[in-house]
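J.: So the sequences go chain by chain: C, B, Z, X, F, U, D, E, G and P.
Note that this note's numbering has the first sequence beginning at 1, numbered continuously upward.
Note that this note's numbering has the second sequence beginning at 154, numbered continuously upward.
Note that this note's numbering has the third sequence beginning at 307, numbered continuously upward.
Note that this note's numbering has the fourth sequence beginning at 460, numbered continuously upward.
Note that this note's numbering has the fifth sequence beginning at 613, numbered continuously upward.
Note that this note's numbering has the sixth sequence beginning at 766, numbered continuously upward.
Note that this note's numbering has the seventh sequence beginning at 919, numbered continuously upward.
Note that this note's numbering has the eighth sequence beginning at 1072, numbered continuously upward.
Note that this note's numbering has the ninth sequence beginning at 1225, numbered continuously upward.
Note that this note's numbering has the tenth sequence beginning at 1378, numbered continuously upward.
Note that these hints are calculated values from the structure, not bench results.
Fair warning: there could be bad hints in the mix.
[Unchecked claim] 16 Å max Cα-Cα, derived EDC-like pairs, lysine to aspartate or glutamate:
no., chain 1, residue 1, chain 2, residue 2
1, Z, K419, Z, D450
2, E, K1196, E, D1208
3, U, K795, U, D818
4, F, K725, F, D745
5, F, K725, U, D818
6, F, K725, U, E791
7, E, K1184, E, D1215
8, D, K1031, E, D1208
9, E, K1202, D, D1062
10, X, K489, X, D512
11, G, K1337, P, D1506
12, U, K878, F, D745
13, P, K1502, G, D1353
14, X, K584, X, D603
15, G, K1359, P, D1500
16, P, K1490, G, D1357
[What the hints assert, rightly or not] Per the computed footprint, the stretches of chain U lying under chain F, defined by three or more beta-carbons under 8 Å from a beta-carbon of chain F, are:
no., segment
17, 800-806
18, 848-857
Computed from a predicted structure; not experimentally measured.
Glycine included, C-beta positions come from ideal geometry on N, C-alpha and C.
There are 10 protein chains.
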Amino acid sequence: AEPFSQLPPILHRLHEAKAFKGLSFESLAKTLGRNEVYTASLFYGQAKPTLEDIAGLSKALGVDEQGIIDEVGSHWWPNRGIGGAIPQDPVIYRLYEGVIVYGHPIKSIIHEKFGDGIMSMIDCKVNVDRKPDPKGDRVVITFDGKFLSYSQN
Amino acid sequence: AEPFSQLPPILHRLHEAKAFKGLSFESLAKTLGRNEVYTASLFYGQAKPTLEDIAGLSKALGVDEQGIIDEVGSHWWPNRGIGGAIPQDPVIYRLYEGVIVYGHPIKSIIHEKFGDGIMSMIDCKVNVDRKPDPKGDRVVITFDGKFLSYSQN
Amino acid sequence: AEPFSQLPPILHRLHEAKAFKGLSFESLAKTLGRNEVYTASLFYGQAKPTLEDIAGLSKALGVDEQGIIDEVGSHWWPNRGIGGAIPQDPVIYRLYEGVIVYGHPIKSIIHEKFGDGIMSMIDCKVNVDRKPDPKGDRVVITFDGKFLSYSQN
Amino acid sequence: AEPFSQLPPILHRLHEAKAFKGLSFESLAKTLGRNEVYTASLFYGQAKPTLEDIAGLSKALGVDEQGIIDEVGSHWWPNRGIGGAIPQDPVIYRLYEGVIVYGHPIKSIIHEKFGDGIMSMIDCKVNVDRKPDPKGDRVVITFDGKFLSYSQN
Amino acid sequence: AEPFSQLPPILHRLHEAKAFKGLSFESLAKTLGRNEVYTASLFYGQAKPTLEDIAGLSKALGVDEQGIIDEVGSHWWPNRGIGGAIPQDPVIYRLYEGVIVYGHPIKSIIHEKFGDGIMSMIDCKVNVDRKPDPKGDRVVITFDGKFLSYSQN
Amino acid sequence: AEPFSQLPPILHRLHEAKAFKGLSFESLAKTLGRNEVYTASLFYGQAKPTLEDIAGLSKALGVDEQGIIDEVGSHWWPNRGIGGAIPQDPVIYRLYEGVIVYGHPIKSIIHEKFGDGIMSMIDCKVNVDRKPDPKGDRVVITFDGKFLSYSQN
Amino acid sequence: AEPFSQLPPILHRLHEAKAFKGLSFESLAKTLGRNEVYTASLFYGQAKPTLEDIAGLSKALGVDEQGIIDEVGSHWWPNRGIGGAIPQDPVIYRLYEGVIVYGHPIKSIIHEKFGDGIMSMIDCKVNVDRKPDPKGDRVVITFDGKFLSYSQN
Amino acid sequence: AEPFSQLPPILHRLHEAKAFKGLSFESLAKTLGRNEVYTASLFYGQAKPTLEDIAGLSKALGVDEQGIIDEVGSHWWPNRGIGGAIPQDPVIYRLYEGVIVYGHPIKSIIHEKFGDGIMSMIDCKVNVDRKPDPKGDRVVITFDGKFLSYSQN
Amino acid sequence: AEPFSQLPPILHRLHEAKAFKGLSFESLAKTLGRNEVYTASLFYGQAKPTLEDIAGLSKALGVDEQGIIDEVGSHWWPNRGIGGAIPQDPVIYRLYEGVIVYGHPIKSIIHEKFGDGIMSMIDCKVNVDRKPDPKGDRVVITFDGKFLSYSQN
Amino acid sequence: AEPFSQLPPILHRLHEAKAFKGLSFESLAKTLGRNEVYTASLFYGQAKPTLEDIAGLSKALGVDEQGIIDEVGSHWWPNRGIGGAIPQDPVIYRLYEGVIVYGHPIKSIIHEKFGDGIMSMIDCKVNVDRKPDPKGDRVVITFDGKFLSYSQN
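With the hints as constraints, model all of the structure from the sequences given.
T.: What follows is the structure in structure tokens.
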């Protein structure tokens, strides 16, 4: 199903306005002064917009500010996570496959480089870049998250 | 359960020898002239070693080369994917959470930057780096995969 | 449930118009100058129509072009995958059974003929043909996908 | 896990002997006078060998014929289906993805070309071929199955 | 949930009209000149009605013929399978239990009587009869399906 | 996996002895004076043998009677149900498909013929017969179970 | 979700009327001359009301009799089973826990007292009673079901 | 699979000794001065034996007391719950069906008789009795559990 | 999806009124004279409000009292449990992770400190506090539940 | 199954030695100078012991230090998470129930007290205490975890 079908309805409105204006997340991110993935996450209910974000979105998209505030304003907190446990869309499945196949190797290397702990997915910046390559351009996805050490003393 | 409990037994031997010698995947990768995540993947049955890889592992770890060839030699092909559909280990779960939470935003941005297609998880290099940071060092995981365009004419 | 119940509503309109006009995917594919499975995939939200596809569909089916553009135009990207993880419809289940029963033999043969890698399901043409046979005509389904070699250096 | 870990142990022996002799399924199929996918299916317990098949395998692989008969002889019937409901190995997953993404389009076309019925996965020949292509060779997988019409009078 | 809640709405109308007229599937089957289970399957979207079936249903039930054609006419193909993977209703669960408990014994006997193959569920007639018995009448359910032999040469 | 891998080991012995003697369930059923499906169910741990059954099996198969009694004698009660919730083997899956597709139609007809209740799967005889047919012989599976009326007064 | 959200809408009306009138299932059961659990089951679509039940409910609750007949009259048959496979509500989960923890001990004792067979859940009376106890009153739930012997001769 | 296959091995020994001596749980319960279901639960690892229970079991069954203490002595705590989430054995499934079908009616009645709370499955006595009945003897299973009131002030 | 989408609609109204008034659960709890988690649970349908709670909520939030009574008044009982079996939202997942990782250690310690039994989740107070810490403030969640001893005599 | 059946075998040895010596986790924790839940987690493979922990365990339990080092020494990293996704043991299930029932209320309160973020389960201390109470002693479980703020700028 469409990924925003169960999100607050105003987010559907934002998607429509963005499509109507022909804006990309990249340009909206610049307008908001925000990270691009963070900006896209706002549209999928996966991040909490600040009032500045809401003002910026309202202005850039021509959507009534109060309407946005009413649904995803300061009282609203994202219920993060979209879709079933195993993604079916091929773009997202490939990321999932990366976890299933390379999860244990990555885990071992994190432990060897940092010790016992995890890469935070909360204090984490995500980037998606296009890298030109004569054999075919490449997608470069970066997760840059703070290492958190297990502490149980 | 231990992640290599269902892998070819020789891989368990390689893990033991590596532990006994106190080697890291980073140093082994340098010895083999290979990417670090690729090197770790060999130990988890998630990549297919070349004969050069096997010779290098045998020498570095002091494990009989023919024994490695017998189990994961040229006749052997990895059955990729370890563990259940939803990871329970917190290190690996955080990566999974990244897919569940940021999958749709990432997908949208890939489409906006490249069009209809995917980032290949086959022609993909994975890196795990340590980035010093005064507020706490950071894990930087990079997926660098070729963009593949949908072709259905 | 009906397979298009969760797709963009315009696709339901396209199905209705096609039924009303008594058109087959085969004839629509010829009209569009497209592969037949690709054409059917458009109706199930499993492929992204070009603006030419949309113009062609609008003309052939008598559905307002702008209405199609509004829902599945250039801003729209398919969320591929329909239905539950294990198909229940017998036609589709038989394909699934082919994967469950012949998946490992097929994998082994791909490796023997090509080495370590996969058949792309992105750069892949799918055909469904009718082959006359005195003992009963046969369905011939062909997946013709580019081999992608694992690259982890 | 290794795909033959729960199959009759003699099949594991056949895999080992095949690896030791350096034989491919293609050459074994020619020796047996059999389809290549069928031949590979014998090694994964997904097809029932005839006594001629067993004699041929015994001779080609140097494995005691009676030992094969004892485990997978005329009294034995395959319990078809290997692995979990959703494949994790990328090669097999891509086939599964083909079913999830193109299943409904394929179903519609089968109905339009044949009426209400299915493509048999029992009376079905499966082939895996290598098609040279200057942009990269292609895997061509063909399912050629008898159409079976629903009959409920 | 009610089993027809996700079926084409006209089928719900047919159920209502049948209830209002107090007709049984047995009498409707005679009117249509059809098998009783087939007739019931039409009401649950599990079989494809012919135009004669639709005309007969329209007449017997007093439901507008064109309305039926619009939803489940010649352009419509059943998406077979209703409900979750494991039935909860006790009547249907008992059938499922029959498969879970007696499936392997039945499979063995089919193989011993016919060889390697299956009973077709496509070319299969299903009957439900009432057999008088002084100790309590009995339900007799019969699956009469063509044997299909595995063919992989 | 092989269906008897988790059953009492003596049942595996009975399967082997039956294979070695080349006996069918049909002939064993005649020897025991029992229904054929019941007889096969004994071999899969899905029915409880009487001491007469055990004596008969011991004699017919040449397996030590006390050994059978020790494992599946009067103290032993079957834990019925084999395999996962959704069968993968095509023979058994077709039966399951019968339940998923025809379950609701069958349920409706049982109610119309008998009222509110079920067909017992406990007081139920199961038969598998071969019916000659010039267009291809047919498998006829019959479930003959007592109707049980819901009683809640 | 509310347990009656997918039941015939009239049942929701009955719940509302019962709440509005402040009636308990206990008093309604007395009015109907019925078992209390049976009476509650009518409100959850888990039992089939007789016409006398419907008349009684109509009178006691002030709900139009024909409206009840239209939805759950003689043409209607319960589709028994509410909610997911594993209950989440703590009251119902405790019953489920009773099955998971004490199921095998109960099974063993049934076999020792009765032989090979089951307690019918069809011919079964269920009662819920309050037993005064100085240490805290107790709930006493009784399942009183006919023993059914396995019959496979 | 056999229900004790994953329990402490000594429990398997207790089952064997009980079978060898031909003792019932009923007689063992009398010997121990314990409830019958409790006694059976000890054999399935679903209750924690006291040292008196162990001494009594050792004497009644002729199994070395220290051996029992070593495995399920005072240091051992039951990990309650046996088997998958949905029982397949028909005896246990019927109990599960009772929960799925009558769970909500029972819950409503508990609330009406006691208020907001649950029947404890911890402070709960379970009994299985045989009730003679000319129409066929009946199994009577009783859960007698303390009512626990929700307390959140 | 939003967590209250399947709850009684009045609860959605309460959430809206609370947001509009800018009230926190902490302040509402003080107004009601109630525990904070209990107060929040009322808004998610996870606790049963008393009539005093309803009066207090009505007054504090300006929502019609009768409207609240109509939906969640004395006739209404919570159906506890929200969302799927495995939480996806990171806040709630972390709690789940606590159970998966520390469940067995906690169980062992409860047994060592109390014997065989459980911590009640019914007679249990839950608190969420903010603890200042120079290295970053901490969340302190406390479950304070009555120990219940297993009683099976 | 026993919770340590799939853990490194040395942990089973530690459990046995602890039982043989009659030591509690509380006393071991004091010996090690460690938190009690952390200490218990070491025995279940849910925490990584330091070399000091290992030395302390070896001494307190009389288990060979090198043997512990060989299996869970500095090269070893815990694969955290034990058992299935939904716990069956009642002690652990009650914790799970706390998450399912109170997860959303807790989440709301965390957000109101801290803003958008989570309670870390990595930098988290867990305590299990016994609180005397005349109405029955109480278990007090405390999760004390650092608040982590979402950072996506």
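J.: Of the numbered hints stated previously, which ones are contradicted by the structure, given in increasing order?
T.: Hints 2, 4 and 5 are the ones this structure does not satisfy, whereas the remaining hints hold.
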